[in-house]
Amino acid sequence: MSLGFVKWGALVLGLAGLALTVLFHWQVFFWVPTEASMGIVQRIFYIHLPAAWVAFFAFGIVAICSAVYLWLGIEKLDHAAQAAAEGGMIFTTIVLTSGPLWAKLAWGTWWTWEPRLTLTLLLWFIYLGYFMVRNSTDVPEKGKKFAAVVGIVGALNIPLIHLSVLWFRSLHPQPVVARTDGPQLHPDMLTTVLTALAAWTLVFLSLYLLRYGTARLEAAADRAVAATRSPAPVREGVAP
Amino acid sequence: MQQFWHVFIAYAVAWGLVFGWAVAIFRRMGRVEARLREAGLDTDPDAKGAAGRTLP
Numbered sequence: 001m002s003l004g005f006v007k008w009g010a011l012v013l014g015l016a017g018l019a020l021t022v023l024f025h026w027q028v029f030f031w032v033p034t035e036a037s038m039g040i041v042q043r044i045f046y047i048h049l050p051a052a053w054v055a056f057f058a059f060g061i062v063a064i065c066s067a068v069y070l071w072l073g074i075e076k077l078d079h080a081a082q083a084a085a086e087g088g089m090i091f092t093t094i095v096l097t098s099g100p101l102w103a104k105l106a107w108g109t110w111w112t113w114e115p116r117l118t119l120t121l122l123l124w125f126i127y128l129g130y131f132m133v134r135n136s137t138d139v140p141e142k143g144k145k146f147a148a149v150v151g152i153v154g155a156l157n158i159p160l161i162h163l164s165v166l167w168f169r170s171l172h173p174q175p176v177v178a179r180t181d182g183p184q185l186h187p188d189m190l191t192t193v194l195t196a197l198a199a200w201t202l203v204f205l206s207l208y209l210l211r212y213g214t215a216r217l218e219a220a221a222d223r224a225v226a227a228t229r230s231p232a233p234v235r236e237g238v239a240p
Numbered sequence: 001m002q003q004f005w006h007v008f009i010a011y012a013v014a015w016g017l018v019f020g021w022a023v024a025i026f027r028r029m030g031r032v033e034a035r036l037r038e039a040g041l042d043t044d045p046d047a048k049g050a051a052g053r054t055l056p
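Order-wise, the sequence lines are chains A and B. First residue of the first sequence? That's 1 in this note's numbering, and the numbers climb one at a time after it. First residue of the second sequence? That's 1 in this note's numbering, and the numbers climb one at a time after it.
What the hints contain is simulated information worked out from the structure, not anything from laboratory work. As the structure is a computational prediction, the values presented were derived from the model and not from experiment. Incorrect hints may appear among the rest.
In silico contact screen, one side only, chain B against chain A (beta carbon under 7 Å); selected entries [unchecked claim]:
(1) V7
(2) I9
(3) V13
(4) L17
(5) M29
(6) V32
(7) L36
Simulated DEER-style distance windows between Cβ atoms [what the hints assert, rightly or not]:
(8) A:P159 with B:R37: 40 to 50 Å
(9) A:V176 with B:E38: 52 to 62 Å
(10) B:A12 with A:R223: 39 to 49 Å
(11) B:I9 with A:F168: 42 to 52 Å
(12) A:P33 with B:R28: 41 to 51 Å
(13) A:H186 with B:E38: 30 to 40 Å
(14) A:L171 with B:E38: 17 to 27 Å
(15) A:R229 with B:A12: 38 to 48 Å
(16) B:R31 with A:L160: 30 to 40 Å
(17) A:G60 with B:M1: 32 to 42 Å
(18) A:A226 with B:I9: 45 to 55 Å
Cβ atoms here follow ideal geometry from the backbone N, Cα and C, with glycine treated the same way.
Excised from the complex, chain A in its bound form:
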């Protein structure tokens, strides 16, 4: 994938994402009906759920790219995993800030150590560890491999987060969209959350492509600088 393609792809995805973002904000603030029991604050749902989806998607990319990187050692895959991990951290932070703002009014508390919240916080710390491990060794290749292992292990937490509300007693409600018997939401709410989901996914993919391109450029620049610094090979018997 050339850098020109990456830039154009990011531009197209970014513009589509921004258009959908304008649409979903109009839906959230002017169109969708207000939920009966929680009131206005339930509108946080339209960023909370899509941010969680994007974070899980990003960490899924990290796990797949990391696994293939460990297997084949292709550097591009490490750059892809690193870029996705950065995006995953951003979107998990959105989940962990929007959630308490909603919970304070819906549950009466900013935070509680219930399974889903605790596992999501753990996910955030695991990927913080991903970046710490990456930079913790003197040999960059070793750091990348350690980070790849953390990236794979961290993704194992994602199904636990999703299923925790089914397995344990939790303040979080049962799933309302990703259900085997279909979504259980008012049709207008479902339309809004799906628009938001598409918008956030496109915005993420756009920035992800740009971050990936930047990581590739940085690696290429490092190689170029190293090549100019290393002395030219001297051949025996040849006059300078």
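Start from chain A and add chain B according to the hints.
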């Protein structure tokens, strides 16, 4: 009114984080492109036979 504040803060924090990430990426890309131009190299790692020296 408190409900409105919580909603607006949640949306503002979310977009602030995304915007901050975008700015960080563009600044990073600008820095590395400037570094490559100073070294007289192409800014596309996949460029073949372009005007400047290509990246290794």
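Lying within 45 to 55 Å: is that true of the beta-carbon distance A226 of chain A to I9 of chain B? 46 Å, holds
Outcome of range test on Cβ distance (H186 of chain A, E38 of chain B; 30 to 40 Å): 57 Å, violated
Verify the interface restraint on V13 of chain B: the C-beta must sit less than 7 Å from at least one C-beta of chain A. 5 Å, holds
For the restraint on L36 of chain B, tell me whether the closest CB of chain A is nearer than 7 Å. 5 Å, holds
Holds or violated: 42 to 52 Å for the Cβ distance of I9 of chain B and F168 of chain A? The hint (42 to 52 Å, Cβ to Cβ) is violated, given that I9 of chain B and F168 of chain A are roughly 29 Å apart.
Holds or violated: V32 of chain B as interface residue toward chain A, Cβ cutoff 7 Å? 5 Å, holds
CB-CB spacing for R37 of chain B and P159 of chain A relative to the 40 to 50 Å hint: With a Cβ separation near 46 Å, P159 of chain A and R37 of chain B satisfy 40 to 50 Å, so the hint holds.
Against the range 52 to 62 Å, how does the distance between the Cβ atoms of V176 of chain A and E38 of chain B compare: consistent or not? The hinted range 52 to 62 Å holds for V176 of chain A and E38 of chain B, with Cβ atoms some 54 Å apart.
Is 39 to 49 Å a correct range for the gap between the Cβ atoms of A12 of chain B and R223 of chain A? Holds, at about 41 Å.
Evaluate the given range 38 to 48 Å for the C-beta pair formed by R229 of chain A and A12 of chain B. For R229 of chain A and A12 of chain B the Cβ distance comes to about 46 Å; the hint holds.
Have a go at the M29 of chain B hint: is there a Cβ in chain A nearer than 7 Å to its own Cβ? 5 Å, holds
Given V7 of chain B as an interface hint, is the shortest Cβ-Cβ distance to chain A below 7 Å? Holds, about 5 Å.
Comparing the model with each numbered hint stated earlier shows that hints 11, 13, 14 do not hold.
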